[in-house]
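Required output: the full structure, derived from the provided sequences and hints.
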Amino acid sequence: MSRVENFLTAEEEQEIVQAIVNAEKNTSGEIRVHLEAHTKIDLLDRAKEVFHLLKMDNTKEENGVLIYVAVNDRKFAIYGDRGIDKVVPENFWDSTRDTIASHFKKGRFKQGLIEGILKAGKELESHFPWQHGDVNELSNEISKN
1 MSRVENFLTA EEEQEIVQAI VNAEKNTSGE IRVHLEAHTK IDLLDRAKEV
51 FHLLKMDNTK EENGVLIYVA VNDRKFAIYG DRGIDKVVPE NFWDSTRDTI
101 ASHFKKGRFK QGLIEGILKA GKELESHFPW QHGDVNELSN EISKN
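Okay, so the sequence shown: first residue is 1 according to UniProt numbering, each after it adds one.
The set of hints was computed from the structure by calculation and includes no laboratory data.
There could be a bad hint or two in this list.
[To be verified] PhoX-like mimics (lysine-lysine), calculated; alpha carbons at most 25 Å apart, straight line:
| no. | residue 1 | residue 2 |
| --- | --- | --- |
| 1 | K40 | K86 |
| 2 | K40 | K119 |
| 3 | K110 | K75 |
| 4 | K75 | K48 |
| 5 | K119 | K25 |
| 6 | K48 | K122 |
| 7 | K55 | K40 |
| 8 | K40 | K75 |
| 9 | K60 | K106 |
| 10 | K110 | K60 |
| 11 | K110 | K86 |
| 12 | K106 | K119 |
| 13 | K75 | K106 |
| 14 | K48 | K144 |
| 15 | K105 | K60 |
| 16 | K86 | K122 |
| 17 | K40 | K25 |
| 18 | K106 | K55 |
| 19 | K75 | K122 |
| 20 | K105 | K75 |
| 21 | K60 | K119 |
From a predicted model like this one, the values you see are computed outputs, not experimental measurements.
Structure representation (structure tokens):
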């Protein structure tokens, strides 16, 4: 039985969407959250597949970031596009991952996602600062399978 629809309330989803809006204010980076019940393949491999399915690899600077959550597995992965990987250190997502993980361990999924999104936005800002004329290239809504 999938718990995707019960993972977050509608109000919590809107708080997460607002966090994405806030995180993207100072960066040209694009952040999305995707929820699905379960993955049968490696978490990061699935995150990469979903990244492509959501057409997140179509941003001008290749700076999209996906926070993928396998709800029933209580696991998540952070996947960044090529443009990010070219300019950031190998452990770039570790602090964002640790922030989300610490909240998930305590069952605070909304708070973990919000803090992770805001941290990712802050991290992206130093490498991909917002420029005049930047447009939001991807939806901020949470996608689900």
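Now for the hints, and whether the structure bears them out:
1. K40 / K86: Roughly 29 Å separates the two Cα atoms, so the pair is violated.
2. K40 / K119: Between K40 and K119 the Cα gap is close to 29 Å, so the pair fails against 25 Å, i.e. violated.
3. K110 / K75: Holds: K110 and K75 sit about 14 Å apart, inside 25 Å.
4. K75 / K48: Given pair K75, K48 holds - Cα atoms ~15 Å apart, limit 25 Å.
5. K119 / K25: holds, 13 Å
6. K48 / K122: holds, 22 Å
7. K55 / K40: Measuring from Cα to Cα gives roughly 22 Å; hence the hint holds.
8. K40 / K75: Satisfied, since the Cα-Cα distance of roughly 12 Å is no more than 25 Å.
9. K60 / K106: violated, 37 Å
10. K110 / K60: Given that 25 Å is the threshold and the Cα spacing comes to 29 Å, the pair is violated.
11. K110 / K86: Violated, at about 30 Å.
12. K106 / K119: Within the cut-off at roughly 19 Å; holds.
13. K75 / K106: holds, 13 Å
14. K48 / K144: Holds, because 15 Å separates the two Cα atoms, which is no more than 25 Å.
15. K105 / K60: Judged against 25 Å, a Cα distance of about 35 Å means the pair is violated.
16. K86 / K122: Judged against 25 Å, a Cα distance of about 18 Å means the pair holds.
17. K40 / K25: Between K40 and K25 the Cα gap is close to 35 Å, so the pair fails against 25 Å, i.e. violated.
18. K106 / K55: This hinted pair is violated, its Cα atoms lying about 32 Å apart.
19. K75 / K122: The hint holds at about 23 Å.
20. K105 / K75: OK: K105 and K75 at ~10 Å, within 25 Å.
21. K60 / K119: holds, 22 Å
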